[in-house]
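**Student:** Listed below, chain by chain, are the residues.
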Amino acid sequence: GDSVTQMEGPVTLSEEAFLTINCTYTATGYPSLFWYVQYPGEGLQLLLKATKADDKGSNKGFEATYRKETTSFHLEKGSVQVSDSAVYFCALSSNTGFQKLVFGTGTRLLVSP
Amino acid sequence: GAVVSQHPSRVICKSGTSVKIECRSLDFQATTMFWYRQFPKQSLMLMATSNEGSKATYEQGVEKDKFLINHASLTLSTLTVTSAHPEDSSFYICSATRGPPTYEQYFGPGTRLTVT
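From first to last, the protein sequence lines are chains D and X.
If you read the first sequence in my numbering, its first letter stands for residue 1, the second for the next number, and so on.
If you read the second sequence in my numbering, its first letter stands for residue 114, the second for the next number, and so on.
Rather than coming from a laboratory, the hints here were simulated on the basis of the structure.
Don't be surprised by glycine CBs; every beta carbon is placed ideally from N, CA and C.
Please note that a few of the clues may not be correct.
As the list claims (entries may be wrong) - Some chain X residues flagged as far from chain D (calculated, every beta-carbon gap over 12 Å):
hint, residue
1, Val-117
2, Val-124
3, Gln-142
4, Ser-167
5, Lys-168
6, Lys-177
7, Asp-178
8, Thr-191
9, Thr-195
10, Pro-199
11, Glu-200
12, Asp-201
Said to hold, decoys possible - Below 30 Å or equal to it, Euclidean Cα-Cα: the simulated DSSO-like pairs (lysine-lysine) are:
hint, chain 1, residue 1, chain 2, residue 2
13, D, Lys-100, X, Lys-154
14, D, Lys-77, X, Lys-168
15, X, Lys-127, X, Lys-168
16, X, Lys-154, X, Lys-127
17, X, Lys-154, D, Lys-77
18, D, Lys-56, X, Lys-154
19, D, Lys-100, X, Lys-177
20, D, Lys-68, X, Lys-154
21, D, Lys-100, X, Lys-168
22, X, Lys-177, D, Lys-60
23, X, Lys-179, D, Lys-100
Stated by the list, open to error - If you anchor each label on the Cβ, the simulated ranges turn out as follows:
hint, chain 1, residue 1, chain 2, residue 2, range
24, D, Thr-51, X, Gly-129, 44 to 54 Å
25, D, Glu-16, X, Asn-183, 44 to 54 Å
26, X, Leu-181, D, Gln-45, 27 to 37 Å
Just chain D, same shape as in the assembly (with noise of 0.2 Å):
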C-alpha cells in the first residue's frame, strides 16, 4: 500500500541555519503530495502542496519538489526563525485532491536563537 517516510528528528538548528527535511514516499499511479505543520496546541495545517510530477510547492519561505525519479518531496526553507519551531507532516493522497491521505511520521523542529 501507500506509505511515506520522512526523516526522524528532533531537528535542531540555529536561527537562520538551512533546513531540508527528507521525504520519500510510495503510492501507485501519480499521488499528491503535501507538507503539513502542527505548531504546539494547534491542528495540523497545509504548508504547501505538489500535485504532478516537477511541481514546487511553496509557501512562507518553505518550498518543496515533486521528483517523480526519486520519489521524494524534500522539504527545505533557506533561512529558519524561531517561530518555524513545529512538527512537520509530510503526506500523500493517491485519490482526487485531499481525500484519503497517508502521513509520514512527523519530524520535529527546533530553532534556538
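Assemble the complex: chain D is given as a structure, and chain X must be docked to it using the hints.
**Tutor:** Same frame as chain D, now just chain X:
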C-alpha cells in the same frame, strides 16, 4: 476561516467506560469529516471517513462497534470510544473538508485520551 475544534482536549476515563469526542467545523459546513489516531512517534492513521447523514466508512482493522462515529450535522461529528481499554489510549484527531473543488482537509487540535 476554516477552523475546526475538538472537545475535550484531554480526557481520562476508567477502563470499561465510554467516552465521546466532538469535532466541530466552526465557520464552514463540512461535507466530510475524518477521524485519525496517532500513536507516539508514529504517523496519523486514518480510522474512518464520515459524511453527514450517512454511516461512516471505516478503514480496515478499525472496529466499528468500538469506535462509533455519528455525523449528525454539517458542522458536528462525534467519535465515541465504547468500553474503553488502556490500549485505546491515544491522540485522536479529526479533520473536515468543504468538498470540491480542492477537498482540502482542515484539522482539529486533537484529543488526548488516557484510559486507566
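**Student:** Taking the hints in turn, state whether each one holds.
**Tutor:** Hints, verified against the model:
no.: 1; hint: Val-117; verdict: violated, 6 Å
no.: 2; hint: Val-124; verdict: holds, 16 Å
no.: 3; hint: Gln-142; verdict: holds, 16 Å
no.: 4; hint: Ser-167; verdict: holds, 16 Å
no.: 5; hint: Lys-168; verdict: holds, 17 Å
no.: 6; hint: Lys-177; verdict: holds, 18 Å
no.: 7; hint: Asp-178; verdict: holds, 23 Å
no.: 8; hint: Thr-191; verdict: holds, 17 Å
no.: 9; hint: Thr-195; verdict: holds, 25 Å
no.: 10; hint: Pro-199; verdict: holds, 23 Å
no.: 11; hint: Glu-200; verdict: holds, 20 Å
no.: 12; hint: Asp-201; verdict: holds, 20 Å
no.: 13; hint: Lys-100/D - Lys-154/X; verdict: holds, 21 Å
no.: 14; hint: Lys-77/D - Lys-168/X; verdict: violated, 42 Å
no.: 15; hint: Lys-127/X - Lys-168/X; verdict: holds, 28 Å
no.: 16; hint: Lys-154/X - Lys-127/X; verdict: holds, 25 Å
no.: 17; hint: Lys-154/X - Lys-77/D; verdict: holds, 24 Å
no.: 18; hint: Lys-56/D - Lys-154/X; verdict: holds, 28 Å
no.: 19; hint: Lys-100/D - Lys-177/X; verdict: holds, 18 Å
no.: 20; hint: Lys-68/D - Lys-154/X; verdict: holds, 27 Å
no.: 21; hint: Lys-100/D - Lys-168/X; verdict: holds, 17 Å
no.: 22; hint: Lys-177/X - Lys-60/D; verdict: violated, 40 Å
no.: 23; hint: Lys-179/X - Lys-100/D; verdict: holds, 21 Å
no.: 24; hint: Thr-51/D - Gly-129/X: 44 to 54 Å; verdict: holds, 46 Å
no.: 25; hint: Glu-16/D - Asn-183/X: 44 to 54 Å; verdict: holds, 49 Å
no.: 26; hint: Leu-181/X - Gln-45/D: 27 to 37 Å; verdict: holds, 28 Å
Violated hints for the displayed structure, listed by number in ascending order: 1, 14, 22.
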